[in-house]
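Chemist: Starting from the given sequences, assemble the full structure and let the hints guide the process.
2 protein chains.
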Amino acid sequence: MKFLPFSIFFLFLSSFVLANDGYKLWMQYYPIENAESWQKEGIAKYQINATSPTLAIINDEIKRAGKGFFNFEPAENQENPKLIISKLSDLNLTTFQINKEKITALGEDGFSISKSENSETLILANTDIGLLYGTFYYLQLIQKGSEVPKEGIFQSPKIKHRVLNHWDNLDRTVERGYSGFSIWNWHRLPRHIDQQYLDYARANASIGINGTVLTNVNANSLVLTTEYLEKVKALADAFRPYGIKVYLTARFSSPIELGRLKTADPLNEVVQNWWKEKAKEVYDYIPDFGGFVVKADSEGQPGPHNYGRTQADGANMLADAVAPFGGIVMWRAFVYSENTPDDRHKQAYNEFKPIDGEFRNNVIVQVKNGAIDFQPREPFHPMFGAMPNTPLMMEFQITQEYLGHDTHLAFLAPMYEEVLKEDTFVNGKGREVAKIVDGSLDGHSLSAMAGVANIGTDRNWTGHHFHQANWYAYGKLAWNPYENSEKIADDWLRLTFNNDDTFITPVKEMMLESREMVVNYMTPLGLHHIMAESHHYGPGPWVTGGSRADWTSTYYHQASESGVGFDRTKSGSNALGQYSENLQSVWGNINSIPEKYLLWFHHVPWEHKLQNGENLWNNLALHYQKGVDEARANVKLWESMKGKIDQERFEHTLSFMKIQAEEAAWWRDACLLYFGQFSKMPLPSGVESPKHNLEYYMNYKPKNVPGI
Amino acid sequence: MKFLPFSIFFLFLSSFVLANDGYKLWMQYYPIENAESWQKEGIAKYQINATSPTLAIINDEIKRAGKGFFNFEPAENQENPKLIISKLSDLNLTTFQINKEKITALGEDGFSISKSENSETLILANTDIGLLYGTFYYLQLIQKGSEVPKEGIFQSPKIKHRVLNHWDNLDRTVERGYSGFSIWNWHRLPRHIDQQYLDYARANASIGINGTVLTNVNANSLVLTTEYLEKVKALADAFRPYGIKVYLTARFSSPIELGRLKTADPLNEVVQNWWKEKAKEVYDYIPDFGGFVVKADSEGQPGPHNYGRTQADGANMLADAVAPFGGIVMWRAFVYSENTPDDRHKQAYNEFKPIDGEFRNNVIVQVKNGAIDFQPREPFHPMFGAMPNTPLMMEFQITQEYLGHDTHLAFLAPMYEEVLKEDTFVNGKGREVAKIVDGSLDGHSLSAMAGVANIGTDRNWTGHHFHQANWYAYGKLAWNPYENSEKIADDWLRLTFNNDDTFITPVKEMMLESREMVVNYMTPLGLHHIMAESHHYGPGPWVTGGSRADWTSTYYHQASESGVGFDRTKSGSNALGQYSENLQSVWGNINSIPEKYLLWFHHVPWEHKLQNGENLWNNLALHYQKGVDEARANVKLWESMKGKIDQERFEHTLSFMKIQAEEAAWWRDACLLYFGQFSKMPLPSGVESPKHNLEYYMNYKPKNVPGI
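Heads up: the protein sequence lines correspond to chains A and B, in order.
Per this note's numbering, residue 1 is the first one in the first sequence, and the count goes up by one each step.
Per this note's numbering, residue 1 is the first one in the second sequence, and the count goes up by one each step.
Honestly, I wouldn't trust all of these hints.
Copies of the same chain look alike in the list, so a pair counts if it works inside one copy or between any two.
Said to hold, decoys possible - Using 20 Å as the maximum straight-line C-alpha spacing, the simulated SDA-like pairs for lysine to any residue come out as follows: (1) K658 / I645; (2) K626 / K636; (3) K703 / G259; (4) K346 / N582; (5) K701 / T225; (6) K701 / G259; (7) K24 / R459; (8) K67 / A19.
Since the hints were made in silico from the structure, they are not lab data.
Modeler: Here's what the structure looks like:
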């Protein structure tokens, strides 16, 4: 095979663009420009030192990319290789001038990419997995048309455990899943390893994710039986060469359900021993099992409260069980009760702050980004900064439970970034959430991030093609929580679609503004949790009554003729008192609080003037209208992109964007009709009249909404 | 684009064989041999007369096939076309010598393919859909490397309504579905038309299927609400250009559930009017709606029995409602009750035979191939031949409820063929079931066939790659119930994998023998319905007791120390009396009945000698062993095929075949241990000893088995 015919090939390939269902995610490996020069410089002839299952994967990946980029299969281990992939320990250090210490310091998962004096490209690392990460990074560079900078690339993750949480049930339904059903086919396991499991692991490895929690936090103890552990082992074996560890959710009452004990009291020695035996069994199957994730004492889940014990008592019992095997416990802080009279916002902090420092050193407390529940916008959780003696991990939700489910384009990196970059001001300035999460602020070596997955059986994995970007963005921010959204969007678009700036530039802008657009048409100005009951699909500001006030909308918006918003200042629940003095003073003042948080912390009169001189009601209405206008403008923008990408993904995305625009108007109309009952003011100019009356929206109850 | 570079292309394409997940089914359009000559003769330059959505589909299909076959995009409507696709009415009859009457006689769905005097290829039909069928047929010829015979091809379907029945629920679970979940995403409908809906319609059109029943026969009246009819309409609109009509299952009690009536009595005028109004509403949405499918008075479903009415009363009410719009009613004969003391086998016949001739002329009675329920082998249903005054349609099950679910390779064409070719001997010889089903025997113009679909969200549609062949085979037999299995298997293999006879010949043989293999390791010699309870996964000959005897195994096998088998002769239930005199005499005699039906009709002593001189017990044991041996031999055979097809489908199939071999042994061991309790005889030589004891098998209860 010679280089000459390439130009001919591209001619053909352009007419070869057939259906693209999106399954290949950001690993499209479409033909690149300047293929010849990349060929010569790059991956055409490469050397890969030593063999292992992971190195075989690297090998396959290079060949696959070569076929896509150049329609050419790169050959390994030829003379005069242009690309050398090697663990530091396998490299002949007499041949290459290498800063050994610098690479050693990159640790287990780090890698470097650099040019040798003879202009070979070197991908170096301390482990096979490091090489895998480095290879993906290098292939992504090629696809983007970027060069390896002269000074080289030195990367290592800032966070140790970068995991996806699957809220997948054993019957393959997915709680808050909007892209089909669980990709884990438990029935066929352990005997059949589906190709999709490998493709899943590969996709995660390509963005640095190194763990997966297979089961729903609302846990089923069945997964801890021998029958299911054999299945879990099969998945763990499949994922291992990709550097992915498996974790399971542990139902706190398992000793009763499986072990036939009378109690699950964490201070009871028989219970402790049951867990120790169970952990031993798990590690017999899976020697590198990651550990347990626990949701306890919340939303009906059993936990240490049932026995008058603390969350630390519960977590430590499990931690002791997995400690001999190197396992960890991710103990969720999402603990609240309808029987506690206090503001739901305050309960986790009140529960955990007093036991700061009481956890074993293999426990990490998993804290959602905000104190309520994955709203389109939440101020950061006040636990961040409040527990210096306990490692805290971040839990983001990738699946869009509260952000429009499958059909609403909302690029979430800006939401994640907003929280990570927020300064807690605990003991001074520069105490950003990211520094707490990566352990640097308080010197914790245990660090982790969890993302609640948006992956399902849909042919494109995530329902909306653009929701692939949220999986990708989560991985990138788990690797480096200081990464910025603009770069993530740019890279993702180039890897997923093309390198055409007439496409990239406008679409990237649309992505970057999309989350704010959703906030505008759903919950502007700090409104929150006003979605429909149970399935959370569509607006439901009228939701009230029932068994749990803390699951109703009226609890959160407190709308009345006097105004709207939850008073969390000293005159109200004083949840604000859980934040630093600095934030208490800025956020506690109705005039200095950023307007995006206004109704989160304040009950504000309808006629109160905001910064633009308009009253609250008019501002609210204009925000809703703005969201709708943006969603409609996105449809137009996307339509103008026709022909720039393959038709299948174009049409699919367009169809969803039209739904989003319709539903944005549904949100606007329903919410403004509802709140208008209290404000008793007319809609300001520029805001469209609702299509139907309030009764219509209140009576619209779609059936069989997915995800519950 | 010139012809010369083709040889170069094939060089590349061979290394281009990447992952193949099977989504493309039997429309792989892989590169063909002698591409140059086909190019010149064939589809490179074609003419397509007139435009319509269906003709646009034909156009796309030819281009798609051209790219696959030749890596070349055929061009339409050039000078000197080599291929002309035209409705007879659009053809310039002065240019071509055409037997107009012969083509007209092919009817709505027929087509012809022939050579003109100038050696153009002509695809002619009376309708656009006929042209679509003809185009698919022609492209399949090319892929198989077949020629258009000199005398031409003249095809028309023998059966008018060729429908798939989806037992899909509105929450996307699928009753008896083993390949994931329903491909109908009701939540996204009507606003999002998924590409998979179009691919589904296309696949069906490619094999002549022209109708789809979207919903489970265990019906939910919700689908008849306006909210859902809008969704159904969206699917119907998407399917229409492919010639696929939509049908719905009608829950008999809908007038109560939706219309708030107090009764659903079919003779009540208010009820009749409710259905008339509902039918009108349905046809307002979908002018070519196919009609209703009804399961009534069976397994908990409401029906005319609730009001002391006959099945004809029920069917006719619905028939009158859809008649003004050209709709039909498919009324299922699968009616039986645990409260009827008679053999379940006899109940449908007893219910329907007395009302033969009482149905409206737009009713067709849908009869399962056998009288029990889709067993691995059943004698044909005695209703066939017993109701000359009523059109009867055949219901086959494609999904493998009783044939090993997703992982057992069982090519079902031989099973379908066996029933279709069986002579009922009603009023003489040559009264085959196929002639009743196609209406020719009794002169019915209304004819239909239903296949219970095996399609789901799995990336390859059907779970097992080879189960695609059952969907394909069903379509081919619905088009022509006289087709033979060997040709179907041969064609399917060539379209799906390759034209390599070293692959085709052995794999085809394996396919053709696979169903008998399953019979051997599950239910040899006429045994039936001895599967595990409820999910029917694995053996359960010990299933007994509970609320319904007719859902237990002991009811069907009647094993005791005196022997095994259900006596359905005169000395027993005399279900045999429902068949023709001829069959009564042959099948009624323990020595003349084909051994495959022995235990279906006779209770036979263990020591009774069969034709081979061995006793029943030894024969039973040897059949089980044979099935296991065959399943294991298939694994070996398949392993020897490595490299002949793409790795992804190869590995997937191998993995399933290994499961099948394991489960065949599970069946053998469990059944022989169970029946051995009664025979009290040792296993004959050549039969392996069971791995575990009977208790082990009886206690093995897998969790979360799909499909219920």
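Chemist: Now, for every hint given, state plainly whether the structure supports it.
Modeler: Results of checking the hints against the structure:
no. : hint        : result
1   : K658 / I645 : within (18 Å within a copy, 42 Å between copies)
2   : K626 / K636 : within (15 Å within a copy, 65 Å between copies)
3   : K703 / G259 : between (39 Å within a copy, 18 Å between copies)
4   : K346 / N582 : within (18 Å within a copy, 83 Å between copies)
5   : K701 / T225 : between (39 Å within a copy, 13 Å between copies)
6   : K701 / G259 : between (43 Å within a copy, 18 Å between copies)
7   : K24 / R459  : both (10 Å within a copy, 13 Å between copies)
8   : K67 / A19   : both (18 Å within a copy, 12 Å between copies)
When held up to the earlier numbered hints, the structure conflicts with none and fits them all.
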